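Undergrad: Take a look at the letters that make up each chain.
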Amino acid sequence: MARAHSVAPADRFPVSARKSAFPYLLTGALLIAFVGSLHVAQADPRRFLEGDALGNVLRFLRGSVPPQVSPQFLGLMLRPVLETVQISVMGMVIAVLTGLPLGLLATSSLTWSGVLHERRSRFGRWLGGFVPYAAARGLLSIFRAIPEYVWALVFVRAVGLGPFPGVLAIGVAYGGMLGKVYSEILEGANPRPLEALHAGGASRPGIVLYGLVPQALPAFVSYTLYRWECAIRASAILGFVGAGGLGQQIDLSMRMFQFDEVATLLGILFVVVGCVDFVSGRLRARIIR
Amino acid sequence: MYELLDLRKVFNDGTAALDGLTLTVGPGEQVAVVGPSGAGKTTLFRIMNLTLLPTSGIVRLDGIDVTRLSDVELRQARMRIGTIYQQHNLVGRLKVVHNVLAGHLGRWSTAVALYSFLRPQDANGAGRALAQVGIPEKLYARTDELSGGQQQRVAIARLLIQNPDIILADEPVSSVDPSLASGIVALLTELSTGSRKTLLMNLHSVDLALAYFPRIVGVRDGRVHFDLSPDKVTRALLEGLYAGDQDEATPREPLRHGQGPFGGACRPLPGFST
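Chains as they are written, first to last, in numbering that gives the first Met the number 0: chain A, 0 to 288; chain B, 0 to 273.
It should be emphasised that the hints constitute simulated quantities derived from the structure, not laboratory data. None of these values were measured; they are calculated from a predicted model. Keep in mind that the hints are not guaranteed to be accurate.
Some but not every residue of chain A turned toward chain B, in silico, with C-beta under 7 Å [stated by the list, open to error]:
(1) R118
(2) A157
(3) G159
(4) P190
(5) P192
(6) A195
(7) A201
(8) V207
(9) L208
(10) Y209
(11) P213
Here a beta-carbon is modelled for each residue, glycine too, at the ideal position from N, C-alpha and C.
Turn these sequences into a full structure, and let the hints steer you where they fit.
TA: Here it is as structure tokens:
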């Protein structure tokens, strides 16, 4: 605008025409990162040709054809399949039960900032609002920073082998993720209805029930179902660390070189995951309107 | 009913919305508040409905200084004050019946509030309230399927359920089709007259204020500019009230974030926000 007149002539060229070292620096940094990663991660295709590598792959493939489909084996696997589904469902129940209250506490508009808190004293806002908010945020990030496999290892030590440590592992790790995302969904809600309910004398739970939850519900349901899809995959894998279900069977068959059984189990896992995807997709389409 | 003494409100960014405002409103009175945008009217209403704390000054409600109220007493006091907003502030995804019954939230326990989603408690009351505002057939409609004017009526029905002693209406018709505006103003004044409720209405349209209210308060620069009956409000007074305000000739509501007639697409430019 008016300032254009006072600009020195050399600065009048369009910014994009000026020489900048940034693109070169960025390209160089990316190249270094790539080469470094290649080295450290030992991504070297030649290793397929070393020693007995290819032979092992072929042995696995040959061993897995035909897959083990005897009724006796399939009958035996029924329980692990159910167990995997049940681990994921129970794990999600625990995840929602931990994630929802922590997510509410981790929502700044509910605890310390915004229209609901403008009459609170600075001290009350801090002690009664910000401190629990920060504690909930911290707890949630610890929950989800540790992968569910590590949680499973911890819980196997604590409560022994079986499905229960798997349930706990999914509950804690996914509770952390759900809580974080729930709080973000709640922060994004329109605050005006909340202000109206607040001004009419509604209590905090009343405001949450009639102002926040209805706004957030579709996103809640959608994200929770998506997490359930992830949980069924996770619960199958958690068996490898001793938490029951399909994973444990895959691990056993692998150790005993029963590759035909492994093939069947992977097929079953594929079908189960596909079914869960289908069911949750239908549920989502029905609920979110 | 209300005694406001030397109210000052300075926001964190340093702007003074109220600057020594003093006003007394008796029980059952009907008062229209007019003034240019940015005069502090909305801030005044938010202090009166006890959601905002003034920087200094005294707010007395029935003789009681509200800064002395405990949290519980504050909620009880808020229940006695019903607010109608420019944007009806309803939850669009809820059925009308739940938005109306939200007026009970000050009285209901959390358990009752939750159960009401399954089986609406006092659905009859909600139906009567909707009949009173003229849309009884919308009880089980989804709120966001209603027009702007109908949604404002739902907000009034929620107020009827809340049954407050004081009605504060902050620009209740600014987001409503102009042809429906006087209907809604009339509805609110009739409600107030019929049940002797105190009514304070913040209006952008001076014509509506003069037509429906026995007392007009002009607010400018966070202070009371005049406080008169409508027959004493002269053209010169109004010109003084709105001097320097471009909206004076054709009262328009300035766009706020995401609330213009075209929703979020109409944002004011930085530096031009209201």
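Undergrad: For each hint, tell me whether it holds in the structure or not.
TA: Okay, the hints, checked on the actual structure:
no. : hint : in the structure
1   : R118 : holds (5 Å)
2   : A157 : violated (35 Å)
3   : G159 : violated (38 Å)
4   : P190 : violated (9 Å)
5   : P192 : holds (5 Å)
6   : A195 : holds (4 Å)
7   : A201 : holds (4 Å)
8   : V207 : violated (9 Å)
9   : L208 : holds (5 Å)
10  : Y209 : holds (5 Å)
11  : P213 : holds (5 Å)
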